[in-house]
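> The chain contents come next:
2 protein chains.
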Amino acid sequence: MQYFSVADAQACILQHTQRCRHERVALHDSLGRVLAEDVFANRNHPPYDVSAMDGYAVRYADIAHATAEEPVSLGVVDDIRAGAMPKCRVLAGKAARIMTGAATPEGVDTVIRVEDTEADDEHQVWIRAIAPQGANIRPLGENLRKDTMTLAKGTTITPGVLAILAMVKQSTVTVYAQPRVAILATGDELEALDEAMDEEKIPDANSHALYAQCKALGIEATMLGIARDNPIELRAKLAEGMGYDVLLASGGVSVGVHDFVRPTLADLGIGMHFWRVAMRPGHPLAFGSHESGARIFALPGNPVASMVCFEQFVAPALRTMMGHQQIHRRTVAARLTHDIKDRAGRTHFVRVTLRQNEHGYSATSTGAQGSGVLMSMAVAQGLLPIPADATVMHAGDVVNVQLLQEMEYQADAGVEC
Amino acid sequence: MQYFSVADAQACILQHTQRCRHERVALHDSLGRVLAEDVFANRNHPPYDVSAMDGYAVRYADIAHATAEEPVSLGVVDDIRAGAMPKCRVLAGKAARIMTGAATPEGVDTVIRVEDTEADDEHQVWIRAIAPQGANIRPLGENLRKDTMTLAKGTTITPGVLAILAMVKQSTVTVYAQPRVAILATGDELEALDEAMDEEKIPDANSHALYAQCKALGIEATMLGIARDNPIELRAKLAEGMGYDVLLASGGVSVGVHDFVRPTLADLGIGMHFWRVAMRPGHPLAFGSHESGARIFALPGNPVASMVCFEQFVAPALRTMMGHQQIHRRTVAARLTHDIKDRAGRTHFVRVTLRQNEHGYSATSTGAQGSGVLMSMAVAQGLLPIPADATVMHAGDVVNVQLLQEMEYQADAGVEC
Chain A
247 MQYFSVADAQ
257 ACILQHTQRC
267 RHERVALHDS
277 LGRVLAEDVF
287 ANRNHPPYDV
297 SAMDGYAVRY
307 ADIAHATAEE
317 PVSLGVVDDI
327 RAGAMPKCRV
337 LAGKAARIMT
347 GAATPEGVDT
357 VIRVEDTEAD
367 DEHQVWIRAI
377 APQGANIRPL
387 GENLRKDTMT
397 LAKGTTITPG
407 VLAILAMVKQ
417 STVTVYAQPR
427 VAILATGDEL
437 EALDEAMDEE
447 KIPDANSHAL
457 YAQCKALGIE
467 ATMLGIARDN
477 PIELRAKLAE
487 GMGYDVLLAS
497 GGVSVGVHDF
507 VRPTLADLGI
517 GMHFWRVAMR
527 PGHPLAFGSH
537 ESGARIFALP
547 GNPVASMVCF
557 EQFVAPALRT
567 MMGHQQIHRR
577 TVAARLTHDI
587 KDRAGRTHFV
597 RVTLRQNEHG
607 YSATSTGAQG
617 SGVLMSMAVA
627 QGLLPIPADA
637 TVMHAGDVVN
647 VQLLQEMEYQ
657 ADAGVEC
Chain B
247 MQYFSVADAQ
257 ACILQHTQRC
267 RHERVALHDS
277 LGRVLAEDVF
287 ANRNHPPYDV
297 SAMDGYAVRY
307 ADIAHATAEE
317 PVSLGVVDDI
327 RAGAMPKCRV
337 LAGKAARIMT
347 GAATPEGVDT
357 VIRVEDTEAD
367 DEHQVWIRAI
377 APQGANIRPL
387 GENLRKDTMT
397 LAKGTTITPG
407 VLAILAMVKQ
417 STVTVYAQPR
427 VAILATGDEL
437 EALDEAMDEE
447 KIPDANSHAL
457 YAQCKALGIE
467 ATMLGIARDN
477 PIELRAKLAE
487 GMGYDVLLAS
497 GGVSVGVHDF
507 VRPTLADLGI
517 GMHFWRVAMR
527 PGHPLAFGSH
537 ESGARIFALP
547 GNPVASMVCF
557 EQFVAPALRT
567 MMGHQQIHRR
577 TVAARLTHDI
587 KDRAGRTHFV
597 RVTLRQNEHG
607 YSATSTGAQG
617 SGVLMSMAVA
627 QGLLPIPADA
637 TVMHAGDVVN
647 VQLLQEMEYQ
657 ADAGVEC
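Residue numbers (this note's numbering), protein chains in the order written: chain A, 247 to 663; chain B, 247 to 663.
Calculated from the structure, these hints are not laboratory results.
Just so we're clear, the structure is a prediction, and the values are computed from it rather than from any experiment.
Treat the hints with care, since some could be wrong.
Given that identical chains are not distinguished, each listed pair holds provided it fits within a single copy or across any two copies.
Claimed, not checked - Heads up, simulated PhoX-like pairs for lysine-lysine below, C-alpha to C-alpha not over 20 Å straight-line:
no.	residue 1	residue 2
1	Lys399	Lys587
2	Lys461	Lys587
3	Lys415	Lys333
4	Lys399	Lys415
5	Lys587	Lys415
6	Lys399	Lys333
7	Lys333	Lys392
8	Lys333	Lys447
9	Lys587	Lys447
10	Lys415	Lys392
11	Lys399	Lys447
12	Lys415	Lys447
13	Lys587	Lys392
14	Lys461	Lys447
15	Lys447	Lys392
Make a model of the complete structure from these sequences and hints.
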């Protein structure tokens, strides 16, 4: 059976992956999504020159020589609150009291903060220190200039971006839709979460881990349950899955463990692109597409292998569908703390913990790398891919490690697979 | 008016912050939450010794000298599928065909992967390569050992942790509750998102930015709308806010811009701990507590200042309430690419972009640091705090930068404020 390399498998998957359609969502539902169109400013912001401080709006020429010892006295002609407009023009020798965010009156060019002033009464103020000409005034359009592009298509909506969308009054936002994902576990040996415990069975952890991995990407997946090892049940569940954009099937399907798996897939019109990837953990990874446009990932039944495969293959596909350019786990350079010996022929994803000091990161294997040791996936902070042609890495070698614990992505894989 | 240092303000806030009560949530709702009790394994996993490979279960002594040139022939006495139990004991000279995840039969101690074998027919197999004694067998309890602690109270529920919770059949999980957060904007100058546009008004971006910052932490905040500048409306909205665990009030309240703000707070039984923090942007930051246990953060009306204050003060409090130990933004060491001059007296949070190469990170100011330039918050990858007593930093200096764009937290502030 042909083994795809990790890189070839990723390329094959991305070649069969398209962005989702556009949809409009409420502003508050747009966090983490990707803009599907350019956004233009519909106003100037600020709409006029405004004060950046509580203080006094003055003509710089009047106060250029003010000091604490020889303060300058100005007549106060206005008191401008935030949201109110100035009532008059400020002439030479005059000033206006002004609050942060209020429009500066005509005639002034500088705001002196209140701490550097002393007011005699409502009608007179002593300026005790200067500020550069133009200081503390935010000019019209500093934040947003009307009719100019403010946010480009493809921008990921962070809290800062969402704030700008609110400023230009986008109460709904056009974003790429999220793929509809279904999750199916397969195998007679599995015990469902809501089933009574049978100590001889294997609890289904995979489908829940996949659910959580999707949710961490912002996708609420649909659980199709467990298909038992019989062709009718499997066929029905697979057919149901083909009603989604992506079906994640975990367990026996991936290895074609039963004679009926392949004919069932073929009969449903699912063409498989590959069945195996030269990697550890995780080699039984299959990928196919249905005439409807649905894609199927058949993931290994082993939870660690399944989670690693999700990170390498499924997440980049889902993030591409969501419109992201950054689709691969972010990598950092780290110094190995010990030797690692490895068999050639497969890319080995070693689970590592990371430490950071002033010289950068160091990486240490989490220990037992048997694909059964699920706890290692819970404690791992990174995955260190050892390329298929490497058989040894040495303590002190600088390697690229994929960061696992946070949701950080980059455009390129950044590792040799 | 007394200015608190950033560190003193953080300490004061955390001193008045407690963890939330416990609650039980469905497993699928537990992602990102923090375990509020230790979790014990309720089973052994795997429940028996299982094969880690598709192959043949053998007695090592029988195959110790097998090679491709001189393979060893064994009689096949069983075919054990995943989920099925062995039907018989394997005696000397015999083997059982076995699938990944199936229980190994009595008598065997090693599994030879199928690639290293050749089956004549159903009843005979040639072993063409050896594996170390014990190879490819995952022992009973390798993942989980019954009645031992598997996950400790305080563990954050990642996908890997959620998989383990599924294995021990925790269909509901005891976690720290999330704080109930309300968001209130204040000020006559503000235009609500759903109001018709008035070019002279200031669109309310703050409350939506705060909503997004809460949501990024996993908290769905309640929007209380905009309180206009009158004592009755403000009082009613503040009273409503005191029905939540945390009220985030943005705008005029923070600076006590109107004479009625302080009496209204006092009259509602809200004791303020401080009104100002020596920082830029963001100095008008007030914090108080109500006899009900509710806390109020009065945040600056400026969106950039508000977002920076949220990161420094609100997020650590909310994450503490949620049970996290890691409450401060993660910091990385970065080399400055240019000089930065600064006035002493306030901690200045400079928005920076970061670049990474094999020598680590470098940090560059996003340019204009006026607190009005909201776009700078959208593009910033980090915040570089310049301590209150520093007036200059030089190109080449190594500084600690708070990472802004992802949800990464650490236990200590990691920066001098």
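> Does each hint fit the structure? Answer for all of them.
Outcome of the hint check:
1. Lys399 to Lys587: neither (46 Å within a copy, 36 Å between copies)
2. Lys461 to Lys587: neither (35 Å within a copy, 44 Å between copies)
3. Lys415 to Lys333: Intra 29 Å, inter 70 Å, cutoff 20 Å: neither.
4. Lys399 to Lys415: within (17 Å within a copy, 43 Å between copies)
5. Lys587 to Lys415: neither (58 Å within a copy, 36 Å between copies)
6. Lys399 to Lys333: Classified as neither: same-chain Cα gap 42 Å, cross-chain 62 Å, threshold 20 Å.
7. Lys333 to Lys392: For Lys333 and Lys392, neither the intra-copy (26 Å) nor the inter-copy (78 Å) Cα distance is at most 20 Å.
8. Lys333 to Lys447: Intra 80 Å, inter 17 Å, cutoff 20 Å: inter-copy only.
9. Lys587 to Lys447: Neither way: Lys587 and Lys447 sit 34 Å apart in one copy and 66 Å across, limit 20 Å.
10. Lys415 to Lys392: Within one copy only: 13 Å inside, 56 Å across.
11. Lys399 to Lys447: Neither: 49 Å inside a chain and 27 Å across chains, both beyond 20 Å.
12. Lys415 to Lys447: Answer is between: at 12 Å across copies they meet the 20 Å cutoff, but 55 Å inside does not.
13. Lys587 to Lys392: neither (61 Å within a copy, 33 Å between copies)
14. Lys461 to Lys447: Answer is neither; intra-copy 27 Å and inter-copy 39 Å both fail.
15. Lys447 to Lys392: Between. Shortest inter-copy distance 14 Å satisfies the 20 Å Cα cut-off; intra-copy 64 Å does not.
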